[in-house]
Amino acid sequence: MTLTPTHEPPSDEVLREVALTRDEYHFAADLLDRPPNPVELGIIGGMWSEHCGYKHSRPLLGRLPSEGPHVLIGPGEENAGAVDIGHGLAIVMKVESHNHPSAVEPFQGAATGVGGILRDIFTMGARPIALLDSLRFGPLDDRRGRYLANGIVGGIGWYGNCMGVPTVGGEVQVSASYRGNPLVNAMCVGLIQHEQLTSAAASGAGNELILVGADTGRDGIHGATFASVDDPEASHRGVVQVGNPFMEKLLLEACLEVLQTTDAILGLQDLGATGLTSSSVESAGRGGTGVVLNLEHVARRAAGMTPYEVMLSESQERMLVVAARGRAHEVQRVFDKWGLHSDVIGEVTETGLLDVRDNGQSAATLPITMLTDAPTYTYPVERPAYLDEVGPLDLDALPEPDDPTSAFLQLLASPNIASRRPIYRQYDHMVGANTVIAPGGDAALLRIKGTPMAVALSTDGNGRTTYLDPFVGGAAAIAESARNVSCTGARPLAFTNCLNFGSPEQSAAYYQLSRAIDGMAAAARTLETPVISGNVSLYNESGGEAIWPTPVVGMLGVLDEAEWRCGMGFANDGDEIAVLGAGRPRLDGSEFLSIAHDLVAGQPEIDLVDEIAVQRLVRELIAGRLLSSAHDCSDGGLAVALAESAFAGGLGVQASDLPTSGRLDESLFGESQSRIVVSYPPLAAAAVAAAAATLSVPITPIGLVGGARLRIGPIDVPLARAEQAWSQGLELALAGHAPPG
Amino acid sequence: MNAAVVVFPGSNCDADTLHVLSNVAGMHARYAWHADTALDDVDLVVLPGGFSHGDYLRTGAMAARAPVMTAVRDHAARGRPVLGICNGFQILLEAGLLPGAMLLNDSTQFRCEWTHLRVESTQTPCTSAAGNGQVLRLPIAHAEGNFVIDPDGLAQLHDQDRVVFRYVSPDGKRSAVANPNGAIDDIAGICNAGRNVVGMMPHPERASEAALGGEDGRAIWDSLLAAAGA
Numbered sequence: 001m002t003l004t005p006t007h008e009p010p011s012d013e014v015l016r017e018v019a020l021t022r023d024e025y026h027f028a029a030d031l032l033d034r035p036p037n038p039v040e041l042g043i044i045g046g047m048w049s050e051h052c053g054y055k056h057s058r059p060l061l062g063r064l065p066s067e068g069p070h071v072l073i074g075p076g077e078e079n080a081g082a083v084d085i086g087h088g089l090a091i092v093m094k095v096e097s098h099n100h101p102s103a104v105e106p107f108q109g110a111a112t113g114v115g116g117i118l119r120d121i122f123t124m125g126a127r128p129i130a131l132l133d134s135l136r137f138g139p140l141d142d143r144r145g146r147y148l149a150n151g152i153v154g155g156i157g158w159y160g161n162c163m164g165v166p167t168v169g170g171e172v173q174v175s176a177s178y179r180g181n182p183l184v185n186a187m188c189v190g191l192i193q194h195e196q197l198t199s200a201a202a203s204g205a206g207n208e209l210i211l212v213g214a215d216t217g218r219d220g221i222h223g224a225t226f227a228s229v230d231d232p233e234a235s236h237r238g239v240v241q242v243g244n245p246f247m248e249k250l251l252l253e254a255c256l257e258v259l260q261t262t263d264a265i266l267g268l269q270d271l272g273a274t275g276l277t278s279s280s281v282e283s284a285g286r287g288g289t290g291v292v293l294n295l296e297h298v299a300r301r302a303a304g305m306t307p308y309e310v311m312l313s314e315s316q317e318r319m320l321v322v323a324a325r326g327r328a329h330e331v332q333r334v335f336d337k338w339g340l341h342s343d344v345i346g347e348v349t350e351t352g353l354l355d356v357r358d359n360g361q362s363a364a365t366l367p368i369t370m371l372t373d374a375p376t377y378t379y380p381v382e383r384p385a386y387l388d389e390v391g392p393l394d395l396d397a398l399p400e401p402d403d404p405t406s407a408f409l410q411l412l413a414s415p416n417i418a419s420r421r422p423i424y425r426q427y428d429h430m431v432g433a434n435t436v437i438a439p440g441g442d443a444a445l446l447r448i449k450g451t452p453m454a455v456a457l458s459t460d461g462n463g464r465t466t467y468l469d470p471f472v473g474g475a476a477a478i479a480e481s482a483r484n485v486s487c488t489g490a491r492p493l494a495f496t497n498c499l500n501f502g503s504p505e506q507s508a509a510y511y512q513l514s515r516a517i518d519g520m521a522a523a524a525r526t527l528e529t530p531v532i533s534g535n536v537s538l539y540n541e542s543g544g545e546a547i548w549p550t551p552v553v554g555m556l557g558v559l560d561e562a563e564w565r566c567g568m569g570f571a572n573d574g575d576e577i578a579v580l581g582a583g584r585p586r587l588d589g590s591e592f593l594s595i596a597h598d599l600v601a602g603q604p605e606i607d608l609v610d611e612i613a614v615q616r617l618v619r620e621l622i623a624g625r626l627l628s629s630a631h632d633c634s635d636g637g638l639a640v641a642l643a644e645s646a647f648a649g650g651l652g653v654q655a656s657d658l659p660t661s662g663r664l665d666e667s668l669f670g671e672s673q674s675r676i677v678v679s680y681p682p683l684a685a686a687a688v689a690a691a692a693a694t695l696s697v698p699i700t701p702i703g704l705v706g707g708a709r710l711r712i713g714p715i716d717v718p719l720a721r722a723e724q725a726w727s728q729g730l731e732l733a734l735a736g737h738a739p740p741g
Numbered sequence: 001m002n003a004a005v006v007v008f009p010g011s012n013c014d015a016d017t018l019h020v021l022s023n024v025a026g027m028h029a030r031y032a033w034h035a036d037t038a039l040d041d042v043d044l045v046v047l048p049g050g051f052s053h054g055d056y057l058r059t060g061a062m063a064a065r066a067p068v069m070t071a072v073r074d075h076a077a078r079g080r081p082v083l084g085i086c087n088g089f090q091i092l093l094e095a096g097l098l099p100g101a102m103l104l105n106d107s108t109q110f111r112c113e114w115t116h117l118r119v120e121s122t123q124t125p126c127t128s129a130a131g132n133g134q135v136l137r138l139p140i141a142h143a144e145g146n147f148v149i150d151p152d153g154l155a156q157l158h159d160q161d162r163v164v165f166r167y168v169s170p171d172g173k174r175s176a177v178a179n180p181n182g183a184i185d186d187i188a189g190i191c192n193a194g195r196n197v198v199g200m201m202p203h204p205e206r207a208s209e210a211a212l213g214g215e216d217g218r219a220i221w222d223s224l225l226a227a228a229g230a
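Chains as they are written, first to last, in the working numbering: chain P, 1 to 741; chain V, 1 to 230.
Please keep in mind that the hints were generated in silico from the structure rather than gathered at the bench.
Among these hints, one or two may not hold up.
[What the hints assert, rightly or not] Cβ pair distances, simulated, as ranges:
| hint | chain 1 | residue 1 | chain 2 | residue 2 | range |
| --- | --- | --- | --- | --- | --- |
| 1 | P | Asp716 | V | Ala193 | 58 to 64 Å |
| 2 | V | Thr37 | P | Val242 | 33 to 39 Å |
| 3 | V | Gln134 | P | Gly86 | 36 to 42 Å |
| 4 | V | Asp74 | P | Ala303 | 42 to 48 Å |
| 5 | P | Arg301 | V | Leu57 | 16 to 22 Å |
| 6 | P | Lys337 | V | Glu215 | 35 to 41 Å |
| 7 | V | His28 | P | Val242 | 41 to 47 Å |
| 8 | P | Pro399 | V | Asp171 | 42 to 48 Å |
| 9 | V | Gly153 | P | Pro714 | 55 to 61 Å |
[What the hints assert, rightly or not] Covered, in the sense of this in silico footprint (three residues per stretch, anywhere, with C-beta under 8 Å from a C-beta of chain P), are these stretches of chain V:
| hint | stretch |
| --- | --- |
| 10 | 15 to 21 |
| 11 | 44 to 53 |
| 12 | 199 to 211 |
Heads up, the beta-carbon is just placed ideally off N, CA and C, and yes, glycines get one too.
Take these sequences, add in the hints, and give me the full structure.
Right under this line is the structure:
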């Protein structure tokens with residue numbers, strides 16, 4: 001610790017360490033009417049960091065719609081949001097980033113990201129039933145890129161597999177924009193009966209605070225402030241924590257057992273960023289109370305730790321429990337059974353203060369409200385100049401591919417399109433015995449035991465689209481995640497989100513953040529899917545370059561009858577194939593443009609009226625049992641969507657007479673929102689067409705399912721050959737081999 | 001039929017196994033805690049999958065020394081059926097109730113995927129109702145399923161018909177591609193000399209309901225029920 005014990009105004013270096021500006025320091029001193037002492041300065045810096053205080057994003061986040069008939073707990077109220085799914089049950093969910101730690105130590109950085117989001121869910125009293133991970137990597141032809149990618153995937157699997165929570169979905173994109181700053185967004189979904197929802201509030205003076213789990217060490221100090229400055233690679237190895245999923249599994253089982261067997265627990269809060277500081281402050285903030293902490297009762301991993309270090313340690317696998325006065329022993333008895341160490345370290349007060357004591361000596365005394373209300377910043381929203389450079393796309397300057405089949409195979413092998421199996425086979429995606437649609441489909445589908453229902457889950461977000469048009473990118477993240485959910489037959493209900501952007505103090509990144517949130521809000525209103533939780537990760541840059549703006553949306557849907565589900569694979573020889581939706585395929589911002597022409601340009605589009613109609617149509621067709629398959633037409637365009645349905649079903653495609661207009665590469669590989677590839681028996685064709693006409697959704701016949709070849713316009717290739725390119729593309733890239741020729 | 005599913009700290013397939021034993025197989029199933037010392041009331045003991053004690057030291061090593069294992073040994077010594085699935089198999093190896101050991105998968109990675117198994121012996125309570133040579137489609141989920149055993153031990157397994165399952169292709173043929181972890185002789189499951197203790201890496205409890213993609217795992221429960229009735 002470099003803070004001096006005096007109360008002199010701190011040096012620039014000290015302020016940088018706690019991530020406060022000099023103005024913020026003076027603001028804090030004015031609020032206190034005295035200079036903060038060094039421990040207090042560290043606490044204020046942690047609580048006012050972007051990670052905890054959302055000081056740059058809070059004013060913008062209010063634009064997202066957060067109300068709806070199913071919402072039980074909205075954003076910011078508790079550790080995670082909750083949605084009513086019927087039958088007296090609720091889904092609790094949240095997504096959170098662990099980008100900066102993963103850039104430094106990928107395995108542990110990603111693993112502890114999973115650990116943190118799991119705790120956010122079971123502090124609500126819910127049993128975690130699913131994990132999803134939205135990942136962005138730098139190029140895999142670079143040794144460090146592969147080290148980060150393989151380490152991140154390994155860490156996610158290590159933690160989730162040991163916990164026995166299935167990793168059922170997510171997405172991966174690779175781009176040079178994430179070279180120095182990969183993204184790791186972990187989402188967790190829990191299931192609970194309404195009446196068992198548990199608060200993280202510390203209420204009722206005299207109630208006892210129990211710290212349970214791992215001992216407190218020097219690891220991870222300044223993790224929150226580290227996540228709120230740029231260039232994580234510079235100096236921060238010591239702030240990355242090391243996870244212990246076994247300890248967390250014991251915490252999970254012990255906490256749920258206490259909640260189910262006693263009513264002695266009044267509140268549960270995990271220790272995440274800034275550790276004991278934010279957990280005690282946020283609990284007291286929710287309860288409108290204060291807390292006294294007696295640090296000498298905190299079990300230590302190292303001798304000689306200062307109050308500053310104890311308050312800001314980010315040692316993993318710790319929980320703060322608020323137990324009814326005099327009943328701490330009932331709670332601790334269960335922790336003992338599970339072999340967990342716990343101590344009573346303080347109590348709830350009516351003072352409204354965070355009162356930190358060490359062996360009876362006051363170490364910090366700060367008003368809770370001062371800590372929970374970080375100062376906020378807004379900046380002018382100015383359209384950055386780069387948009388005028390990347391917007392125009394001159395198609396006439398781009399030759400069409402000479403050999404469409406070879407262009408198609410190259411696209412299938414792209415790390416952004418190739419099979420994700422090399423990743424998800426490292427994740428236990430079946431434990432829990434609920435996984436009905438496993439990774440690889442449009443959305444994961446989990447049955448809810450004891451009911452006929454299933455829940456569908458999907459994460460989506462396209463950095464390239466958002467870079468080209470932040471509003472469209474934000475809207476598309478909502479639209480596509482909802483479309484993936486709808487393709488299983490489920491009705492999108494609510495979403496959680498993680499906003500990964502560059503420094504908000506740079507005007508381009510602030511514009512991207514503001515406009516992406518506007519786009520998300522517009523789509524969420526149209527699709528009637530409110531936000532219930534989220535997380536913001538800013539300062540994602542390295543070497544002075546911001547990442548592509550990357551909003552990630554985790555969508556929840558409900559399918560009333562799991563048996564009605566629809567998969568993405570073609571099912572029967574002779575089924576008709578058609579595209580639903582009005583979206584017009586364009587090369588703007590497409591994967592093809594990037595792969596074939598090394599170009600990121602154009603103007604992506606979305607029409608939310610088309611979007612809501614095509615999703616409604618596909619759900620109606622699935623509920624009417626008319627479809628054999630449904631699959632979102634996304635990256636790589638129609639040709640890739642047809643191939644993916646063919647691989648999933650093991651059946652070929654006969655679509656040599658593909659209707660085309662304009663450029664062939666546009667028809668085959670052009671992308672658009674609001675398109676779904678479906679197949680159905682010929683007998684159902686009239687009913688499908690009638691339903692589409694009723695909802696005014698265009699339906700375009702494509703061809704037939706069958707044979708052992710993919711015949712798509714001029715493309716003609718054996719199914720097995722195409723599947724080989726697709727199934728090996730990512731596997732070879734992760735292993736450092738060139739893509740198949 | 002009364003069954004106990006043993007819960008060690010870190011077990012994570014305990015609930016799935018109890019669910020299938022109770023709701024699919026129709027047994028009277030209960031949990032047993034690793035610190036318990038009596039299993040006298042049950043006909044079947046199942047050691048479920050998971051990461052007992054976090055896989056620290058060696059997979060299954062600490063669980064093999066839990067108090068409940070004395071009761072499991074007594075149960076086995078009386079000739080009653082014991083089934084170890086995945087981590088449960090690893091625990092039976094560490095406890096010395098089955099011979100051999102596990103190495104890291106030859107891929108060096110955790111693998112969760114569907115595999116095909118050939119029933120190599122129907123002379124166990126877990127396979128008594130299956131057909132000899134029958135191919136079952138069951139998923140695996142492990143990082144350490146690469147079974148090894150010394151040449152004498154392997155010869156003994158062969159001579160005594162104690163290889164219960166082998167990894168095969170969907171059409172029942174042995175091949176390097178069909179073996180997901182490098183296990184010697186493509187071995188996926190074995191039994192003890194008394195034939196009542198069976199260990200297997202794949203998860204029958206994950207393939208016992210059509211909604212989850214397959215019901216071949218029922219062959220195991222049907223066999224256990226048939227063996228108990230006989």
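The stretch 44 to 53 of chain V covered by chain P? Criterion: 3 or more residues, Cβ-Cβ distance below 8 Å. holds (count 4)
Assuming the hint says 42 to 48 Å, is it satisfied by the Cβ distance from Asp74 of chain V to Ala303 of chain P or not?
46 Å, holds
* Asked: Between His28 of chain V and Val242 of chain P, is the Cβ distance one that fits in 41 to 47 Å?
  -> Given about 43 Å between the Cβ atoms, the range holds.
### Query
Does the Cβ pair Asp716 of chain P, Ala193 of chain V satisfy 58 to 64 Å?
59 Å, holds
Next on the checklist: Given the hint of 55 to 61 Å, is the C-beta distance from Gly153 of chain V to Pro714 of chain P inside that range or not?
Outcome noted: This hint holds: roughly 60 Å between Cβ atoms.
_Against the range 33 to 39 Å, how does the distance between the Cβ atoms of Thr37 of chain V and Val242 of chain P compare: consistent or not?_
With a Cβ separation near 36 Å, Thr37 of chain V and Val242 of chain P satisfy 33 to 39 Å, so the hint holds.
Hint check for Asp171 of chain V and Pro399 of chain P - Cβ pair distance inside 42 to 48 Å: Cβ of Pro399 of chain P to Cβ of Asp171 of chain V: about 47 Å, so the range 42 to 48 Å holds.
TODO: Take the stretch 15 to 21 of chain V, compare each residue's beta carbon with every beta carbon of chain P, and decide whether three or more fall closer than 8 Å.
DONE: holds (count 4)
Are there three or more residues in the stretch 199 to 211 of chain V whose C-beta lies closer than 8 Å to some C-beta of chain P? With 5 residues closer than 8 Å to chain P, the stretch 199 to 211 of chain V meets the three-residue bar; holds.
| query | Falls inside 36 to 42 Å, the C-beta gap from Gln134 of chain V to Gly86 of chain P? | reply | Holds: the Cβ-Cβ distance is about 41 Å, inside 36 to 42 Å.
Notebook entry, point to check: Per the hint of 16 to 22 Å, is the separation of the Cβ atoms of Arg301 of chain P and Leu57 of chain V within bounds?
Noted result: Holds: the Cβ-Cβ distance is about 21 Å, inside 16 to 22 Å.
Cβ distance range 35 to 41 Å for Lys337 of chain P and Glu215 of chain V, holds or violated = About 36 Å separates the Cβ atoms of Lys337 of chain P and Glu215 of chain V, which means 35 to 41 Å holds.
Checked against the numbered hints above, the structure breaks none of them.
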